[in-house]
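Undergrad: This is what each chain is made of:
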Amino acid sequence: MSTRANPARAVAARADATLPPHPLPGLEPAFPRLVRVPGAGGGADRTWHLLDNGPRLAELGIEPRGTVLCVHGNPTWSYLWRRLVSAATDAAVASEADAWRVVAVDQLDMGFSERTGERRPLATRIADLGALTDELGLDGPVVTLGHDWGGVVSLGWAVDHRESLAGVAVLNTAVHQPEHLPIPAPLRLALRRSLLTRSTVDTPAFLETTLALAHPRLPADVRDAFRAPYRGAERRGGIGGFVADIPVGPGHESYAELERVAAGVAALDVPALFLWGPRDPVFGEQYLADLLQRVPHADVHRFEGTGHLIAEDAEYAPVVLDWLRERVRSAEGASSAEHASADATDASGENAHPEDAAAFRPLWRNLDELADSTLPALVEMAPRVGGGPRTVTWAKLSRRVGEIAAGLVASGVRAGDRVSLLVPPGADLTAVLYACLRIGAIVVVADAGLGIRGLSRAVRGARPDHVIGIETALAAARALGWPGQRFSATTLPAPAAAALGVRASLPQLAALGAERGGSAGLPPEPAPDDVAAVLFTSGSTGPAKGVVYTHRRLAGVRDALSAQYGVGVGTGLVAGFAPFALLGPALGATSVTPDMSVTRPGTLTATAVADAALAVDATVLFASPAALTNVLATADDLDERRRAALGAVRTLLSAGAPLGLPLLERVAALLPAASVHTPYGMTEGLLLTDIDLPGIREAAAQDDEGVCVGRPPATVHLRVSPLGPLGEATGPLTAEPGVTGEIVVSAPHVKERYDRLWVTDSASRRDRDEGRTWHRTGDVGHFDAAGRLWVEGRLPHVLTTAAGFVTPVGPEQRAETVPGIARAAAVGLGPAGTQQIVIVAETRPAARRVDRASAELTAAVRQAVGLPVAAVLVVPVLPTDIRHNSKIDRAALARWAGGILAGGRRVAP
Amino acid sequence: MTVLVTGTSGLLGAGVADALIARGTDVCTFQRGASASLSTLGAGRDVRGSVTDPAAVERAVDGVHAVVHLAAKVSLAGDERDFEAVNVGGTRLLLDAAKRAGVSRFVFVSSPSVAHAGISIVGDDALPADPVRARGPYARTKAAAELAALAADAPGFATVAVRPHLVWGPNDTQLIARIVERARDGRLPLLGAGAALIDTVYRDNAVDAIVAALDRADIVHGQSFVVTNGEPRTVAELMSSICRAAGVEPPRLRVPAGLARFAGGVVEAVWRVAPGEDEPPMTRFLAEQLSTSHWYDQRRTRALLNWTPAVSLDEGFARLADSYRRP
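Protein chains in written order, with our numbering: chain A, 1290 to 2198; chain B, 6 to 332.
Keep in mind that the hints are not guaranteed to be accurate.
To be verified - Just so you have them, the derived chain B footprint on chain A, three or more residues with Cβ under 8 Å:
1) 1546-1552
2) 2123-2134
3) 2151-2163
Stated by the list, open to error - Residues of chain A clear of chain B, computed beta-carbon distances all greater than 12 Å:
4) P1314
5) A1386
6) L1500
7) R1654
8) G1705
9) L1950
10) T2090
11) V2139
12) R2194
The set of hints was computed from the structure by calculation and includes no laboratory data. Each residue gets a CB set at the ideal place from its N, CA and C atoms; glycine is no exception.
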C-alpha cells in the first residue's frame, strides 16, 4: 500500500519548492519568497522557501541594522516565526534605528522548501544553511534564532560564522545530551525503529503530537497552517529524517558534529538570549541548565505556563526585539566580549556611582576575625534537639562553618553551584548558609510560605545543583522530582538516606571537612560581584520570582541594617522572627532565638522574649507583627526581673506587615527604653525606608492616601514614576510631593537582577535617570511635603475609573474606620479606564457566608470611602498570601467579585 | 427650529418635549393618545395618530426641522407582528417621511437591550444592534429599527441612536410603578442572589442626553450611545432603594435565577395563548435582565454628547421619595 511506504522511499521523494498557499492566519503575503542556491562542488542546486522582510524594508528605503536568521525545528516550518517577521517590520517602520531584517528559512526537506531526496545529517544541514546565507549575502551583523533542532542548526551556523555573528537566541533547544539523563520519553518512543517511519512519515502522528503541545490549544486554522506543507507521506520524509538524526550516542553519525557545536557554543562571547517554556516534555529544564553552563552570560527568561511551542504560547516577538535593542545595539563598535562584561558592570549601581560604594567586607569576615572568641555567637533558647538553652561560641561557629565548607567542597560543591537550603532557621541553617557563602556556592532560599506548589515551581525554576534539607523537604524533593545532589540536615538511618538519595548529612559533611583541614583547606574567596544568593518573593501577586543578590549587595543589606539600627559587634539581638537570626554572624551580633515555633511566630510569648533578652543582655529586638501581638497578649505573665530585661531593650524592629498605631503604642509601653521602628522593603530591596513611633504618630494626623513608611536611609535613592489615567506608570521619575506613581529605588543593597526572568528584569530596571540603575518596586505611593514616602498599594491593583485612577490602600483604610468592618479590600470591576469600585470586607462579627452588605453598612462604607462605590460585599475571610498572611491578591479578588456581581454563584473568594 | 417628538404620552417623551419647550424650541408632539407634555404646558402643535399610519406621519413631519423618535410598542410580551409593525415599520415610515420633508436631524431613542444577547455586559461601550440575537420581540424589533435609522444617516440627514438604560423617575408607570405594586403585594421576587450589577438612568438625565444628541447630531451622527447614570448598583439594592422611596417593604423572596428564567419562558408561552389584562408577571427576558449584570462604559457617550448626568442616584431616589410623599 502506498501509505505504508518504506522510509527510504519516503525520504527519497523529490519535489520542488513552492510558495505556501495564501492566506494563512497571521502570515503576510509579502514575506514568503523562493531562493535558488547553486550547488557547491558539483552538487545540485537547491531551492529554499523562506520568509524575508528584506524586500519590504528595501521598498520602504529602510536600511536594517542587521539580520535575524531564524531556523525552525522539527516538525514545524518558518510559519513559526511569522509574528516576529511582522513585528520586526512594524518596529522598523516605527524607528529605523530598530530596523532588523528577519529571514526565516524552511530547512531543506521541510516546510515548503525543496524535497531533496537525500539524507541530511546535522553537518549537512549546517552547511546547507551556510550556502543559503552566502547566496543571500548575509555578511552584516547576524543574530541567529532557533527552536528545537533548529536551535542546534542555528548555533552550528553561528559557530561557523563568528565574523558576522552579533548574537544568538534560542527557544527550547539542546546542544548536548547529558550522559546521566535518558533521551526524553516522547522521542525515545519515536526513535524505536519499528515506529519511526510510521509515526513520523507514514502518518502525521509526530506532527500532531507536536501541535498538541501548545498552551493553550492552537486555533484550528493555525494548526492547519502548520500542517499545510506536510500533507501526504511523501512530503513528510524530512520529519522522519530529523528524528533519525537525533544523535542518541557516540556511535551516531551526527554525534561528533553535535559535540563540535556544543564546544563552539561554549566559546561564543556574543550576547545570548534563551527563552524557555518550562512545560516541555522533550526539552526539559536540564537542557536549559546545560546551555547556561556553556553560555553563563546569557539572558534567560522562563515564561511560566508555556511549553515546547513557546513561540505560539508566549508573546516572544516583542521580547526578541526588545532584547535586540537593549543588548545587541550596545555591542556595536565594541568587541562583543567587552560588551558582555561591560554590561555586567553597568548593571551594578555602585559601580556606576562610585560615591555610593562602601568598602566591601565579606559576610563571613566576623567568623574569621572572631575565630578564637569564646563569646556566644548564637543562643537557641529551645533547640530542636531538646534540652535547655544551647550556646554556640564564635570559635565553634567559625570552626563548624569551615568544616562544612570544606566538606561541601570535598563532596563536589563548586563556586557558582546553586544550593537549595530547605532547613528551618536555627544553628544548622546559619552554619550551612555561611559555609555556602564562603565557598562561593549560590544559596537558593525559597520557604514553605510559598505553599508546596509554589515552592516546587521555585526550586525547579532555580535548578539547584544541590539540595540541603530536612527529611520532609528531601522527601518532597524526591516525590516532586526536584533536581540536584541531596544532603540531609541530620544523619538519617541508612535505608532512609538511601531511599531519599541522600549523599551525606551535615554532620558527615563536617566530619569530612574536618579531615580535609576545615577552613584552612578552602578554595579562594568569591569575588564581591559573584552571585551569592537567589531569594524568592512571596508570590502573593503571581508566581514567586527568584531575586539574585551578589556578595556585594548582600553585604550592602547588612551594612544598611547596621547603620540604621546600630547593630554591630557585641550587640545582643533577640530574633523574634527566626530568619533574623541568620543575620547575626554577618552583623557581629550575638543573636538569640527565643522559645517559639519557627513556623508560627504568633506563638512567641512575652516571657520567652524576656528570657532570651536576659540570656545575652539584649538591646535589640527584631519581631514580626504576629509575634508582637502575642507578646502583648501575654505581657501580664511577666515578673519583675523579666520586665526589667525588656526595659533594657533600646531598639525594636517590627518587620513584615505594618502594625497599627494602637498596638505599637502598647509595645512602646512594654519596652519603655526602646525606639520602635517599622521598615519598608521587599525581597528585592530589604530596607528602603524606616519610620519610628513619633513619625507614625505624626503621620496619623495627616490625611495623605496610604500608609506612611517614613524616609530612606542615606544610601537609598527613591523616586516615583507618576501614573497615567489608565494606571500605567509611565511618567518621568520625580520626588515631587503629592504625585502618585510607581515607587522606584536605587541603592547599593537592592537586587542584582531577577533570576531567569530577563523580560521582568529589564522592565524593572528600565529607568536610566542620573546614570543610576533603578529598580521598579511594583508598589505605588507618593512623597509628602516633608519627604516621607506613603505607600498606596501594588501597581497591578490600581483601580482605573472613568474619573481617573484610584489607589487601593486609602479607600480600604477609610472603609476600615466603619464600625463592623474588620478588613477591607478595594477592587476594580470591568475594563481599565471605566472600572467600578467594589469594596470586599471582612466584618466583626465575621459573616457566615458571602453576601451583599446590608443597606446600612453599604451606606456607611460609601460615606467613609468618599468615592463612588458600586457595591459592598462581605466575606467570612479575605484570601491572603501564606508567607505574610496579610497580602491580599486584589487582582484575583477582583475576578471573583466580578463573577458574583455578574450574577454568578456566591462561592467563597 | 421645530422639533417633532413622538411618543410623548410616555415619561421620557414628555420629558424631552418639556425640556425643549422650556428652552424655547418649537415642539410638535405626535402620539396616539393625549400628550403628557403639552397638557401641562399648553404650548406647540399636537398631532394624534399612529406611526403606522402614513397619513398621520406625513402630517406630523410637516414643517419640522428635526425629529426625536420615542414612539414604540414597549412591552415585555405580546405578538411579535405588532412589535414589528410599530417599531420597525413605524420607524421606517417616519424616516422616509422626515427625509422627504427636509428634516436634517433624527434622534432615534433606542434601548441597550438591542445589543444584549442575555449574557453579562461588564463595562462595554454600545455594541452594534443585533436583531437576531437580541432577546424578546421588543429588543429584536428595536434593534432592526435602530439599524434602519443609522443606515438612513446621510449628508444633510444626520441620524443618531440614543439608548437610555432602565429609565426611572417619579410618576413612572413602567418600571417603578410595577416594582412598587408587586412589592406591596409581596409578589416581587429577587432573582438569584440579587447581586447582578445593573446600570439605570434617572429620567431627567436621559432627557438631557437626548437633547444633547439632538444638538450635536452634526458631530455624532451615525453612532449609537448608551446613556446611564454611570452608577451601577446590584439589583437587590435598586429594588430596595425604590421600595424604600415608595414606603413599601423591600423584597425578601428569593427565586433562583435559572428557575425564574424557565418559569418566565413558560409564563410567556401561556400568556400568548390566553392574554391576561396585565403584563405577564415574569418573562424570560425580564429574568435575564434582572439576573445578569449589564453596566456600561460611559466615556465616549459623555465626551461626544458633551453631557454628564446632573442628578445622582441618591438625589433621584430622594426625589422619588418626595413624589410618593406628596398626596
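Undergrad: Work down the list of hints and note, for each, if the structure agrees.
TA: Checked hints:
no. : hint      : in the structure
1   : 1546-1552 : violated (count 0)
2   : 2123-2134 : holds (count 3)
3   : 2151-2163 : holds (count 4)
4   : P1314     : holds, 24 Å
5   : A1386     : holds, 35 Å
6   : L1500     : holds, 31 Å
7   : R1654     : holds, 58 Å
8   : G1705     : holds, 51 Å
9   : L1950     : holds, 33 Å
10  : T2090     : violated, 10 Å
11  : V2139     : violated, 9 Å
12  : R2194     : violated, 8 Å
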